[in-house]
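Protein chains in written order, with our numbering: chain A, 1 to 250; chain B, 1 to 294; chain C, 1 to 321.
Because the hints were derived from the structure by calculation, they are not lab data. Among the hints, a few may not be true.
Short, incomplete list of chain C residues facing chain A, as computed with Cβ under 10 Å [claimed, not checked]:
id	residue
1	S90
2	H188
3	V199
4	M204
Chain C is nowhere near these chain B residues, computed Cβ spacing over 10 Å in every case [what the hints assert, rightly or not]:
id	residue
5	T8
6	S56
7	A73
8	M114
For each residue, glycine too, the CB sits at the ideal point set by N, CA and C.
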Amino acid sequence: MLSLSGIGKRFGGLTALDGISFEVGKGAITGIIGPNGAGKTTLFNVATGIYPPSCGAVVFGGKDISKLPPEGRARLGLVRTFQNIELFGKMTVLENVMVGLHTQSGSGLFACSFRMPWQMREERRIRERALELLEFVGIPELADVQAGTLSFGKGRLLEIARAMALEPKLLLMDEPAAGLNSGETADLGDLIKRIRDLGVTVALVEHDMDLVMDICDHLVVLNLGTMLAQGTPREIQDNPAVITAYLGEE
Amino acid sequence: MELLNQVTQFVISGLATGSIYALIGLSFAIIFNSTGIINFAQGEFVMLGGVLTIFSLNVLQLPLAAAIVVAVAVTTVIGILFERLAIRPLKNATPLALIIITIGMSILIRGVVMLLWGKDTQALPAFSGTDPITVAGATLLPQHLWIFGVTVMVIVGCRLFFNHTISGKAMRACSFNRRAANLVGISVGRMVLFSFVISAAVGSLAGVIIAPLTMTAYDVGVMLGLKGFCAAIMGGMGSGLGTVLGGLILGTLESLGAGLISSGYKDAIAFFILLLILFIRPQGLFKKGETERV
Amino acid sequence: MRSDRIKFIVFALVVLLLPLPLSGGYLTNVLIFVGINGVLALGLNLLLGYAGQISLGQAAFFGLGAYGSGVLTTQFGFNPWVAMVVVALSVAVFAFALGFPVLRLKGHYLAMATLGVGVIANIAFNETVDLTGGPSGLSGIPNLAIGTLTFDSDLKNYYLVWCFALGMILLSLNLVNSRFGRALRAIHDSEVAARVMGVNARLMKVQVFTLSAVMSAIMGSLYCHVMTFISPTSFGFSFSVEILTMVVIGGLGSVYGSILGALLLTLLPEMLRTFQDYDIIVYGLLLVTMTIYMPGGLVEGIPALFRLIMPTKKGTEVGNA
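Could you put together the complete structure from these sequences and hints?
This is the structure:
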């Protein structure tokens, strides 16, 4: 689905990523783990086009997308959520999801200002679909609330609903459980599995090991900008190099 | 030969106005570097320098040197008030709000000056007469020498201040990383105030030394400010040599363009350069581009 | 949706009936300029209040419209309506092309660049004397006419200008409550997130920049035919700042706020006749104090003040489970 080959990223003199190569398999949930500063978020930023890579290629669905801007990648079905949820705070919850449906609709400047009949139909369709998505993540009652006033947990759900609105082929989630309590985390795990069951491939960066071990089919371990190991959760748990990276040398 | 002489002359007067642009550019950069603000009222500090000197000289009957000191001091106080009244009340202001506020302050200052001293254009007498000096075939005015001298002094002064004093180093620290500067015990708020003080002083000084050459009025600040900004952009918004070079290049191009092509479009030259640089090399003429971390 | 419609209809009725008690007097003349300024403010507000992109060069597009129509009709014998369309289309192409490099810039740099465009345009109006008459202005511009109806009185011009204005207000209302408007507001809130949602932020910014330029240009065309005389001083930097002040006072991100801002700032100098040139002091004070103390403009500020004075039932808190 997504294949990264030889990705490197430098900020001035700092090497954040150094020759990362791996594949995210279709239909599975891939977890990317590693200690702080391992380069996980940077990797997401490179994969989604927020930073250009210093070297290497990002291939998505057999197509080299290394040069594509974030919006182009989103249109291909490569969608992400953010570590510190990035909602449109001044808009309502429903409107946030409707922005997510931007790529699923096409009315331009003229159609919108003249309220062409097809634009009105599209608008109704967007609104209904957005409500369905809020239903899917379980917050339909918050539709008309301003997004900036949501609690962190609800905000996370909204962000997932908004991302799902793009009908992603691959959903990248940056620390989805960060800031959630244990109950919310468990619900999140179920939600991510339901998303996978819809046929969406999921890759997530996460620190919460219980969640990762519970839901992931495949793990990739990063450390200090390089790839340390990959394999099933069981293999990773027993990998001595991973244990050293996490716990430090004796 | 005739043309060569003419060109030399244009270059000399271009370098003189260019020095002024350089000083104004520096005053922009000083505030920008410690606050991230582009102060749209910067030109008004320049205007105040000239107008207040003339006022002190003609109305208060002060000697020239004292008049200049008074003008720069008063402008500096206005700089302090500016920071206190318009910048400080807004915590975590967006760039948009800061742009609007500094524009508001700019027209407010301009309006008050117009109210107090009218709309007339006034001239300041040259500091040491107007007898031209001939050096190697080119003619200089004594005021040109004053401009070059003061500019060099200010640049050297800024350099010493920013590199060799605690306050200067603290201000540079703020420009690199405000949070970190705060953590090591630098009062960021005070540094911001300092930057307005220095910037107002440098700006008004520029306004004082140019006034004998170009005359001054309540509305000269807009153009001078914009050209100073252009110089700063050419220099990549640094408070160093880049901005000085930017100012000198701009002044020379403008003077040559006005003299050889068309004087009506003189002011447009600066803006064409400004737009070109913003479009093509927004990091300045002399810096290498860098990836910005989001 | 429905209440929006009713609001607009009420507004339109007020606008259309307002001149009747005034019987074409001096105030009608002033209200013509409220219409023109209102649309200028509205155009800037779409860009600034919705998409979050500043422009200090709006007066340039207004001037291009005015000079475009003025020059085409007086020097080249164009029919005024044809001239208006030609000018609007040319400005659209120009603004679209200009928008790509300009809107790559952000914040202060964007402000400076648009300011630069404005100053260059103003210098051009002054220097192309053969076409524009230079600093002494361009006179003898014909009134607009439909058949035998010539728009030569204040009352007729009032309806002319306000028909255009109402049309543009309606289109803007539609726009901001649509897919397009939502994307603009999303860009304003978080450009990165909007792009990750597949919003082509750059193109949308350029489109709305173009729209605001065209709205300003059309108002410029109307202005020149209403005035029959134009000179460069009407299209300088200070007028761009005036438009900005209208937007800030009325309320960033509010369509009716723009009109309210234009109404206040157009009436204010008329009421303060003795104040004359010193109105810029008032503008300055308004810009600073409004931005600090009432960032939502009057549209949000007045209801907020009202609530402050008369505290009624407690606001219901939602969403914070």
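Evaluation of the provided hints:
Contact between S90(C) and chain A, as hinted, is not supported at the beta carbon level, the nearest pair being about 18 Å apart and thus beyond 10 Å. For H188(C), the shortest C-beta to C-beta distance to chain A is roughly 8 Å, which falls under 10 Å, so the interface hint holds. Because the closest C-beta pair between V199(C) and chain A is about 5 Å apart, less than 10 Å, the hint holds. Hint on M204(C) holds. Least Cβ distance to chain A is approximately 9 Å, under the 10 Å limit.
Distance to chain C confirms T8(B) as a non-interface residue, since its nearest Cβ pair spans about 27 Å, more than 10 Å. Even its closest Cβ contact with chain C, about 23 Å, leaves S56(B) beyond 10 Å, as expected for a residue assigned away from the interface. Annotated as non-interface, A73(B) keeps its C-beta farther than 10 Å from every C-beta of chain C; the closest such distance is 23 Å. With a minimum CB-CB distance of about 7 Å to chain C, M114(B) fails to clear the 10 Å threshold, and the non-interface call is violated.
In this structure, the earlier hints numbered 1, 8 are contradicted, and the remaining ones agree with it.
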